[in-house]
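Residue numbers (this note's numbering), protein chains in the order written: chain A, 1 to 177; chain B, 178 to 842.
Check each hint, because a few of them may be wrong.
What the hints assert, rightly or not - Here are the simulated lysine-lysine pairs, DSSO-like style, with alpha carbons at most 30 Å apart:
#1 A:K133 - B:K200
#2 A:K133 - B:K208
#3 B:K566 - B:K769
Keep in mind the hints are simulated off the structure, nothing from the lab. Since we're looking at a predicted model, the values are computed, not measured.
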Amino acid sequence: MDLAEFIETYRGPLIGLIASWGAPWDHAAEIAEESFCEAWLNREACRGGWNHPDMFGRWLRGVALNRYRVWARDRSRRRVRFVSDSSEILDRTTAPIAPSTENLDALRGAIERLPDKLRQVVLMHYLEETSVKQVADLLSVTVKTIEGRLYQARRELRRLLDDTHSTARIVRMLLCL
Amino acid sequence: MPVNLVSEDDLRAALHPFRVDAKTFEANVRKRLEQARQQRLLDPLAGLSPFSKAAAALIPLQIFAQGNVGVVAIKQAPVWFGYKLLSYLAFPAICLFLLVGASIFSLKSIRKIQRTNLPEVEGDEATQQALAQWGRDHRGGIWLVVAALLLLTWFHFTWLMFVGCIVSCGLMLCVLSSLAKAGLGNRQVIARSLGMGLMFLAQATAGPGAGNDGVHFLDQGLVAAALYCGVSILLGFYGGRRVQLQKLSKIPVWFLTVLMIEALSALAVWFIDPDQSYCLIVSIVLGCTSILLALLNLRSFVNRRPIAWIGQRWFAGTVVVFAIPVLTAWISALLTPVPAAEIKRYVESFDVELRGGAVSYRSLASHEWQNPITRSEWEIPARWVVDSKVAHDFSNPRRILENGIAGAQNPYLLGVAFRVGLVQSDDLVKLRDYAKERQALLDDPNHVLEKLPITGLEQLDWVIRAAVMQNELSDEQRDYLATRLNVTMQQLETDEYQKLEEVLLITELLDVIQRPIDRDRYQSRVHAWLRRHQDLTSRYHIAGGFTEYVVQDEKLNWGSLASTSDAIRLMSIYGIPDGMNLNLVRSFLREKPFWLVRDKWTRAAILDQLNQLPGVTSPSLFQYLYYEQTLLAALVLIAMCLYATFTSPIVELKATETEPANSPS
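The following block holds chain B by itself, in its conformation from the complex (with noise of 0.2 Å):
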């Protein structure tokens, strides 16, 4: 069935009237095309929202001006208090992401021209003499916003400091995109002042002790590095379309020679510690970045003349090919658990051989060079190990022992041998030392030092255990050895050198000699060392941690790994303590970037210790969110930072600032 439709001629007719007539339409399109631009001349920021006018006045617009020194002269009409009020919210952004980027590329630029000798300094000298001007006015204030930058990062408040930033920052957005509209400002002017601007955080979030304090559960330079991502992104458009590199005979030889060096250096450390393959990274980053430079340096100086002209995309995109496979690996890295198979060959595979055949070069520091299986390095992923009732093939730590037991017979290395269950029956025999020391445990037939604690206890407790394998310990001797041992345990009460590690000790012996510790008694007691032991509030190191020893002076707790895991164990006997935040624990934990390898597999297993803690789960995704508030913050600024540049227009830049006089077309 046919469907009857209004023809189109009828519609035609129907709307003729209302058609316009094309000339005279264009005319006027035209007309007030003319009127627009004389209005833009005279007034560029007439267009403006009443805000937008009252943060404009807060800014130096010779910088968007490129030459137009006539727009200085622009007087703002008065706006309504709470805009102005709402313009100073966005002086803290003003000040860090433009200024310090206009007034850098700004005397650069002069420097270039006055070199070149063109006539176009006078455009730059105009605005570098306007941001001095303008410094003069708003000193107080710049004084004021870098002070409250850095102090609140120094006092660990760096959440703080970037909702600051976010918010000064997406007002800043607001005036650029109308100062854009308004014809002033340009995508390569906006770049680089936000490029500096983001730098100056990326700086002031990597200073030390940034990131200690509070929960966190990645690692806080991450913070820094996206922030320094961003720059690298924004760098590509700092030149306008081409990026001129500086002539290389300006690299001084110095700075090529101190590359090679630390190229070298890390080969030699990678050399010698194969573990760390990190060095071998940026031994082959280093050196072919300093082959590349003296390449490049040698043939500016046959050639005498710059060295490269790179494209915006291709330096951008050689950034970037740096830029994303170490972040990715860094990244990786920090959320990506360690398995429990990697703990496991990490154990096993613990050997002096396996090391390069020497002794680790950290470890000429400290006793270790005599005891390469360590607590902390070592006995801590053992246990785990041994602990998790995972198959495993200790023949190499073994081997290691069996030196130890041959050489120096070091009571360290026996204890955690003994702890680990590394010793043998038949290896009891060869211990040189453990008839005198178990008598000068036990032979007291008077009783006379039962009230008495053992010192060094740390020493003694291969011995205990040594007894005990042997079954040479008679009741009395037993009770004798429980006796002490509760002494110790309430002597260190009032020990000025009291260490959890001697409480955990103590507490496996007595399991050990089948005098299980009465818990209830010691409970509260050892629920109050936890808290006292806990770093809490940390200004140089990773807040969370237990400490080995409780000192006056707060700030020399730090935390350590062989004493956080001793803590966890005892709260598995004892309990966790009241108001224990265990969180705070899984962010002194927290994965370290990929070149603080050492102790990752020590950290994966005292954080798997932790959550099998009875009663404690794993954080949900709301709390990672939540305390990772400042690297979220961070991103936030970043995407704001690129929004802004990569929708403000593109202008062609003068040919000064991108080529040089003499060169081609």
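Isolated chain A, as found in the complex (with noise of 0.2 Å):
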């Protein structure tokens, strides 16, 4: 595996996984990148050997953590306004964002909304076209176990957005009144 595949293997779910700690959009792909960096340079020291996915899957994610964790200190210690609540981490973002429809805003607020776990794998799997392989291998779990977890994340989010719903109409039929 060169450095661009390796890159192009692990950057979306990366991202995602970091997005899900709870790191801004743009301090997440920055993390990512020095975490790629920093992988790529003590590959040799990744128990079990670098070349196996499951195996560098697990030790990327190792040092993506600390990465995180380092990011997340130097934050706390600068004291600059830093709230960890995880239901704001879309809204935190500084990327271009398009236009947007009323729907995907609404979908965006349930992703928040989401278990910690369920959203995990969403933010993963879903930002770019990763396979359900390379998560599961990010994560050291199952590719069953991610395909569950994504099923009940969809279908969470239905719920979700259903309830959104419903209350808005509630709401507009109040205000009719």
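Join the two chains, each given in its own frame, into one complex according to the hints.
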């Protein structure tokens, strides 16, 4: 596996994973770049061999977690306002956001309200066209587990969206009255 | 009922704005990589923690640099005093584990390169110079560490030494892993350094006196053996991917000759005394090794080239194949208690004919050549068999007794035979000296000798027992004997050559003549004698046993198995003295390695006697772990060294280190 292939394989799920921990999207991308750099430089130290995707995925996740912790510590030391509430993840981005429809905004809001494990796989899998296998390698779980979580996440999202729509309809009706 | 799910397209569309540009991302990563590489070249230690930086300042980094001479010029940034203090704790391990190995292998490498006349000598010479400079800078500290290690071992603080080593080694491993992350060091360097450190510790713990003091239930030779095993495993990584054996022509002929002579000597010992089966194993191993080396030497001489290239795995595998069976046999011999059936078989098979038809070589130095069934070798396990009421057949020892009766009628042999019950009524008429000895002992019509102690009681023991067996003692004679035995007992108080054997004989003989001793009267006295005879602080032998005699110079008070057996029999009669540490006695009776098995049945019998004492319980698992703390500490240290080696990165070595210049790639 060369560097380009390595980045291409893990870029999307890793940024999604870091974002799911609580980093804003632009910072998540930076942390991911640092993690790729450190993991590639020290790849010989990866136990089990860095050519094995499952081993290297776990190794990369560990490196990224360490980088994320360093970033979080630095941030708290600088006393920059940092709220780790996961419900604000998607709002704190500085990336250019394309004009969105009302439905997509609602969907983003629903993703924010998902339980951690479900939100994690959604961000990792759907951010880019990443295969379930690569997500599973990065999280050190089975493909079946990821598939199960994705299914639960989509079902939960549907429920959340339906609840939101019902509430909005009721509010509108009340306003009409 | 169909489940309504959010569509995947919607999810992708929702997250699409957060995607990064792939090309930009890759370019950023490559840029960061380039910066990191530049940074590593300029300052390899930039990413280290403050503690690692402080500890790295104590290490001559040249040994990790692999020819990168610029590394040594790096100056460490000042760190907090606490980190410096912590780094000094790692200093002993750095001295012990890193520098010894690094120095030796660096010198070896220089010599090899000089022989092959290659230019790489500069790097190794620089390493050697850096080490020499480091040694000059830290001379006091190095001597302090070496002296402390040796003194702690010699003065029986091995446990403390291992605790210090473990703490220090743990800290050093943190530094090593940090350095490995920074690209300094590799598996070969780490294995060499740690292996030499373990070798030093193994030598220290294998020295005389190590493990003799204190309570240990396992033979402390295991500590050194475990350390040597750790060294053997690390040996597989000394040469990188391949291990080069020396040219056989360099192996001196005298070495092969000595190996061969040792093999033949061991074979001869086994032939004379088949009981010593370990000699056969030693003979086979030494013989095979010397023959193999000789054949390889011959081939090397004929072909005029190095003997062989051995792959790392093959080398490690060979070491393991040899080491594991030997260690397993050793440990199993130490951990497995000797079964009762084996003690019985040993006692029953004790026969001159079975021992090769010749007098055992070890008996020539003592009176044993006249008396093959001695107290320590036969009587103790035999009495244990009799006391345990195990069905037995003493026909072989009976034959020795018959030979003895037909011959010189050694009084010691007769004493043993009477005490164990080998003598039958038919034998009594054959005892030539019986009448004379009996008369000398009992013919005292005026009671002149009544107030005098019996001298040489162990030689007259059989006379009294024979008289009782023949029912030739009147009540008066029994009283007379009882008086003299009591006088002898009282005289022992002031006897310079007081023996526990004599105390036991008196007690038993008074029982035999049906005039039992007043136990309450003598209890405190016997307890004091037991305490006096116990060897508590030994330097050159295992502590905890009971001595034959008590002499002024404590160094000469060595515990013996016979005296320890007597002490335990006395404790079963008079009770256990207050404050007597029975675990120390157990420690003295611990199993020895399989090549010292001559007295293992005696040890097992005495240990069982000890465990049978009223109110005595076997040690718990916690006590086992507590008293074997040195061994556990050594195992932890070995595990740490192996962990450090296996987790360090593998770096390809320079061709000159692994293969000769003219060898085909």
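Here is how each hint holds up against the structure:
1. A:K133 - B:K200: With Cα atoms ~23 Å apart, K133 (chain A) and K200 (chain B) stay inside 30 Å; holds.
2. A:K133 - B:K208: The given pair, whose Cα atoms are some 29 Å apart, holds under the 30 Å limit.
3. B:K566 - B:K769: OK: K566 (chain B) and K769 (chain B) at ~27 Å, within 30 Å.
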